[in-house]
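Sequences and hints are given; from them, build the entire structure.
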Amino acid sequence: MIQGRPEPARLLDRAEAALVRYCLERPGAVPRADEATLRHAFTLARLEADRQGSPAEPEEYVGALLGAALALFGPKPGEEPANPEPELVAAAARRLWPLCLAARGPLSRRAGISPAALDREARQRKLALALGGGGGSGYVYLGCLELLEEWRLSPALIAGTSLGAILGLFRARRERHEGTEVDRVLGELTYRQMFRIAAAPSRYAVPAPLRLQLRSALGRHFGILPRLDELALPLVVVASGVRRGMLPRPLEAYERLFDPRGLFPPTPRALRRKAVDLVGALAELVTQPNRLAALHLGIEPGTLEMDCLDAVGFSSSLPGVIHYDVWRDDPAAHAFLERLLGPRELGWLADGGLVENCPMRAAFLGLRARLGCQNGFVLALDGFSPKLSTPAWLPLERLAHENVRRVMAFGSLYLQFDRTLSPLELVPRMAQARRAVALGRARLAPELPFLARMLEPLPPLEESRPEGAGPPA
Numbered sequence: 001m002i003q004g005r006p007e008p009a010r011l012l013d014r015a016e017a018a019l020v021r022y023c024l025e026r027p028g029a030v031p032r033a034d035e036a037t038l039r040h041a042f043t044l045a046r047l048e049a050d051r052q053g054s055p056a057e058p059e060e061y062v063g064a065l066l067g068a069a070l071a072l073f074g075p076k077p078g079e080e081p082a083n084p085e086p087e088l089v090a091a092a093a094r095r096l097w098p099l100c101l102a103a104r105g106p107l108s109r110r111a112g113i114s115p116a117a118l119d120r121e122a123r124q125r126k127l128a129l130a131l132g133g134g135g136g137s138g139y140v141y142l143g144c145l146e147l148l149e150e151w152r153l154s155p156a157l158i159a160g161t162s163l164g165a166i167l168g169l170f171r172a173r174r175e176r177h178e179g180t181e182v183d184r185v186l187g188e189l190t191y192r193q194m195f196r197i198a199a200a201p202s203r204y205a206v207p208a209p210l211r212l213q214l215r216s217a218l219g220r221h222f223g224i225l226p227r228l229d230e231l232a233l234p235l236v237v238v239a240s241g242v243r244r245g246m247l248p249r250p251l252e253a254y255e256r257l258f259d260p261r262g263l264f265p266p267t268p269r270a271l272r273r274k275a276v277d278l279v280g281a282l283a284e285l286v287t288q289p290n291r292l293a294a295l296h297l298g299i300e301p302g303t304l305e306m307d308c309l310d311a312v313g314f315s316s317s318l319p320g321v322i323h324y325d326v327w328r329d330d331p332a333a334h335a336f337l338e339r340l341l342g343p344r345e346l347g348w349l350a351d352g353g354l355v356e357n358c359p360m361r362a363a364f365l366g367l368r369a370r371l372g373c374q375n376g377f378v379l380a381l382d383g384f385s386p387k388l389s390t391p392a393w394l395p396l397e398r399l400a401h402e403n404v405r406r407v408m409a410f411g412s413l414y415l416q417f418d419r420t421l422s423p424l425e426l427v428p429r430m431a432q433a434r435r436a437v438a439l440g441r442a443r444l445a446p447e448l449p450f451l452a453r454m455l456e457p458l459p460p461l462e463e464s465r466p467e468g469a470g471p472p473a
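According to our numbering, the sequence shown is numbered sequentially starting from 1.
Source of the hints: derived by calculation from the structure; they are not laboratory data.
Certain hints may be false.
[Unchecked claim] Quick list of the computed label-pair ranges, beta carbon to beta carbon:
(1) Ala-438 - Thr-190: 19 to 27 Å
(2) Asn-83 - Pro-471: 25 to 33 Å
(3) Ala-232 - Leu-189: 18 to 26 Å
(4) Arg-249 - Pro-289: 17 to 25 Å
(5) Pro-331 - Glu-456: 47 to 55 Å
(6) Ser-154 - Leu-24: 18 to 26 Å
(7) Ala-283 - Ser-216: 31 to 39 Å
(8) Pro-449 - Leu-251: 33 to 41 Å
(9) Arg-95 - Pro-457: 32 to 40 Å
Think of the CB as a built atom: it goes at the ideal place given N, C-alpha and C, for glycine as much as any other residue.
Below is the structure:
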């Protein structure tokens, strides 16, 4: 198993992606019937491999397809692009078409669904977005959302961490992306509306000097504030839970850890000094086993009724930097949080980036739990990946990337962004926001033909018979 997912499933997923890229790079070299047959074959085997887990020996059909996938599009020395002869691809399609037809019945019985339902599942992948955290670096996702909308590639589900959760909430409120609404909100939003530097009691979150006022800053744009189960699109929000009694420092130490008043004047030296202190404090949290628990709000039992702003607020509550908490007089919210923390033996909530900064696993599991979809495509966007262009943040980026690496097997396409806004640009001016949109569009644009092809419905297997294929086995 690779980081929580069966290795055969991951290899078959990579093989299908390599096949699609191969066909895009060589227009006409592979007939569409051959491509459809091979994608059906890889998908049926992948669904079965995910269902099986990691047995000592894969089921016969999975083993046969895994062999074919690795022979054609498997990892090569140095990871050079797969480059089989088109004749070999055609021969594999002819051989696998009858095998797929014969295997569909047994596979559907093991999955507990009808052959027709299995065929429908295999023919259409559903898009899930995993939007990573990282403060202002995440505003590049707005350009990606714009491009996906222009290509009519609508997500079936969104998973978000920290700022990715906040932007994901904006997207999940409507069936279609409303870029003008985001522009209007950013145009009216000010830093003073979003943050206050003030002491505040810590009831449920690890404290910090910068108080996040999501409810007053964004609530007026939302109208009636929704719960997670009332959104137009399913949203999964990742938060961290600190186990009771395992907070490594006294609470008051986090209240002054990254006080922005200590950054004036905001010199590179001052920023590096603060960043080093912050990395040390966060490393204490993430490096000790069992200190943190990953919470997938919107998947875990009893979390669908959570207030959306509370969910994304706690996901953005970075210890020592940003503090979100429920300060309002709301008995229902307090009762909910007691039910969330108590049975799990958690003392505090914190930023989801401590456990899953780019929530690929949350998106993968969310498709299954919320939509019953086994055949998903997880597009992971990571604006806080390690990059030399932001040297002051590099240690923190590397720390976050450690937990990203652990969930990489759940992503279908993982995109890092070499150019973003600064993580400190939490409330960007319009010129900065437009720059972030342009950077996001430029990064995603080369992948759009691949994405569109991967998400295009396949024809029924019976209709994609390769030329020269034999009868069903």
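Verification of the hints:
1. Ala-438 - Thr-190: 19 to 27 Å: This hint holds: roughly 23 Å between Cβ atoms.
2. Asn-83 - Pro-471: 25 to 33 Å: holds, 32 Å
3. Ala-232 - Leu-189: 18 to 26 Å: holds, 22 Å
4. Arg-249 - Pro-289: 17 to 25 Å: Once the Cβ atoms are compared, 18 Å apart, the range 17 to 25 Å for Pro-289 and Arg-249 holds.
5. Pro-331 - Glu-456: 47 to 55 Å: Holds, at about 49 Å.
6. Ser-154 - Leu-24: 18 to 26 Å: holds, 22 Å
7. Ala-283 - Ser-216: 31 to 39 Å: About 33 Å separates the Cβ atoms of Ala-283 and Ser-216, which means 31 to 39 Å holds.
8. Pro-449 - Leu-251: 33 to 41 Å: violated, 51 Å
9. Arg-95 - Pro-457: 32 to 40 Å: Given range 32 to 40 Å: violated, Cβ gap about 24 Å.
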